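Undergrad: Just need the whole structure built from these sequences, with the hints factored in.
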Amino acid sequence: MARTVYSRGEIVADAVVHAVGVSFAAVAGPFLVARAAAAGDAATLAAVSVYAATMFATFALSACYNLLPAPRWREALRRLDHGAIYLKIAGTYTPFAAVSLAKSVGGALLVGVWTVAGIGFLVKIAAPRRFEAGSIALYLALGWAIVWVAREALEALSPAALTLLAAGGVLYTVGVAFHLWDALRFQNAIWHLHVLVASVCMYAAVVVELF
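Positions 25 to 235 (our numbering) are the ones given, in order, by the sequence shown.
These aren't lab readings, by the way, just hints derived from the structure by calculation. Keep in mind the model is a prediction, meaning the values are calculated, not measured. Think of the CB as a built atom: it goes at the ideal place given N, C-alpha and C, for glycine as much as any other residue.
Label pairs and their computed distance ranges (CB to CB):
1) V29 x P183: 44 to 54 Å
2) L204 x V44: 19 to 29 Å
3) A157 x A70: 29 to 39 Å
4) L208 x A157: 14 to 24 Å
TA: What follows is the structure, given as structure tokens:
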């Protein structure tokens, strides 16, 4: 069972990470949408809008669930927080699938990741504690779904974007170990720091690939 009692120092550290994450999403997301709007391409604008919205929602919900002293709402926030992870993964795929891979496997990739993300989200809302181990495996499998279209991705994406995506994927994956390491002090903050840095890598990949 996940640890629920943290020291003051652990809570402060986690709060700092979340504050940076929410601030980053609140500024970086609209900046990206504005860049896309200025470029005048409807597909790019729609794709980055979805990406920016899911990124901000995930950071905001995580902050609310992990930091707000609201026992009445804690279970609802937990469901939304854990479900939003699926949406963020699919949202991160969206700019690459809808724009960079649009002429090859982009459509199929979009349908696949959003279908899985939608199912995962609904399960987290309706039956949040029934498939805990399976949900972590599904997060990772969905995050690494790009391996199924590796050839097309290598052909379509720039080396810089591929490097940043790989770095982000590795950071997320390594971070899961800290998420599960309940006995480690500052475990929650370390896990969320991995998520934050990985998200910055993914954001940078979107920027260098689309702009």
